[in-house]
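At position 269 of the sequence shown (counting the first as 1) the number is 269 in the working numbering, and the numbers step up by one without a gap.
Certain hints may be false.
Claimed, not checked - Label pairs and their in silico Cβ distance ranges:
(1) L141 with E17: 30 to 40 Å
(2) E306 with V219: 50 to 60 Å
(3) Q211 with G263: 15 to 25 Å
(4) A286 with L336: 44 to 54 Å
(5) Q211 with D80: 24 to 34 Å
(6) K290 with N46: 20 to 30 Å
(7) G263 with V137: 52 to 62 Å
Because the hints were derived from the structure by calculation, they are not lab data. Fair warning: this is a prediction, and the values are worked out from it, not measured in the lab. By construction, the Cβ of each residue, glycine as well, lies at the ideal position given by its N, Cα and C atoms.
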Amino acid sequence: MSLIITNIDLHYLTKAENSSDVKITSSKGLIDINEKITNFVESLHNTYNSKGSKAYGSFKDEPAEDVSQPFKKLMQDYLDDQEQFIPFSNQACIRLKQELEKYDLAETGYLVTCHYEMLGGRYLFVCLLPVTEHYYVDGELNIAADQHIDSSKMQLAARIDLFDYADSPDKARYISFIKGRAGRKVSDFFLDFLGCEEGVDPKQQSQVLVQAVEDFVSVNQLNPEEKQNTRKELLSYCKEQQQTGKEVDLQELSQAIPHEDNGDEFFNFCKENEYEIEHTFPHDQAVINKVTKYSGFGAGISVSFERSHFGTDVTYNPLKGSLTIHKVPPNLKDQLMKLLAAAEDEKQKQKQEESQYQQETTNQF
């Protein structure tokens, strides 16, 4: 991949629980961009793309505050004069500090602010990376502890598509952000820091897309193999879009799952049937994944199987609420055979112990 970094800055923030005091450690100036920094940003870009639970929105109108200006104004001032990246990142950090002080939350991490280009896109990426403690052994075989950035646990992160922000602000989805799972307050303070409000719903759009594909294969009376191949093409296309951070494009998707030579049939099918779906939209990969698989878990049981196996290798009895697997996977079969053998050994052992106990009791009399 070809990644070009325009500017990048770091701040270290720490806030103890039950304390309103947020401490900031700032860098001494612009970070020199070298191969190591480029690889670091590329890893952040890829990690962010891989996060399935993202939402999309835009800047909301808000008045200037006493201490700091809205993030949108700070960003726009920087974009108008790109020599002012450090003032921009410093003021943004102060704004984040103000938002953190409103909540009874303990947060420690590195605020990364990065302006970069990737695969024809131009972005401003902002994230608060968590810090994790790890242990190591030094040259004298002493065990010591240290801290490192754990980008795999990235949760407080947002990316602004600067091309969409400039060209299509009315779409209200030029900001993407990871939806928090640990409670609304944790993610809300970060959105308040950005001045962002949620817009398009990727999950709802993805559900409509899946339904449109199912209706399409049904109306065209495709055979079971063709239906499954169409679903797999949908899954493959959406996975590729996720990996590259691109939106789903109905016309592109129609080319990927053509039923006619021109490859426009699915796109026209969606228009003619007036599905409530946009021509391009960010998608929820977790919803798309279900198009080729059935899965579920609960009460210590987890089951997953390809949709094409339903009704043949896997059958469900709704009256009994039972699921029957007619072709058990070899690795699972090996585990089950070992489990049965262990159970049989335990049964034989118990019989021997009971027999020995009865014999000892008889001898006593």
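Going through the hints against the structure:
1. Separation of L141 from E17 is about 35 Å and conforms to the stated range, judged on CB atoms against 30 to 40 Å.
2. Judged by the Cβ atoms, the range 50 to 60 Å given for E306 and V219 is violated: they are separated by roughly 23 Å.
3. A hinted range of 15 to 25 Å for the beta carbons of Q211 and G263 is consistent with their spacing of about 21 Å.
4. Between A286 and L336, the C-beta spacing of about 30 Å breaks the proposed range 44 to 54 Å.
5. Take Q211 and D80: their Cβ atoms lie about 44 Å apart, and the range 24 to 34 Å is violated.
6. Checking the proposed 20 to 30 Å range against K290 and N46 shows it holds: the Cβ atoms sit about 24 Å from each other.
7. At roughly 59 Å, the beta carbons of G263 and V137 sit within the given window of 52 to 62 Å.
Hint check: violations occur at hints 2, 4, 5; the rest are consistent with the structure.
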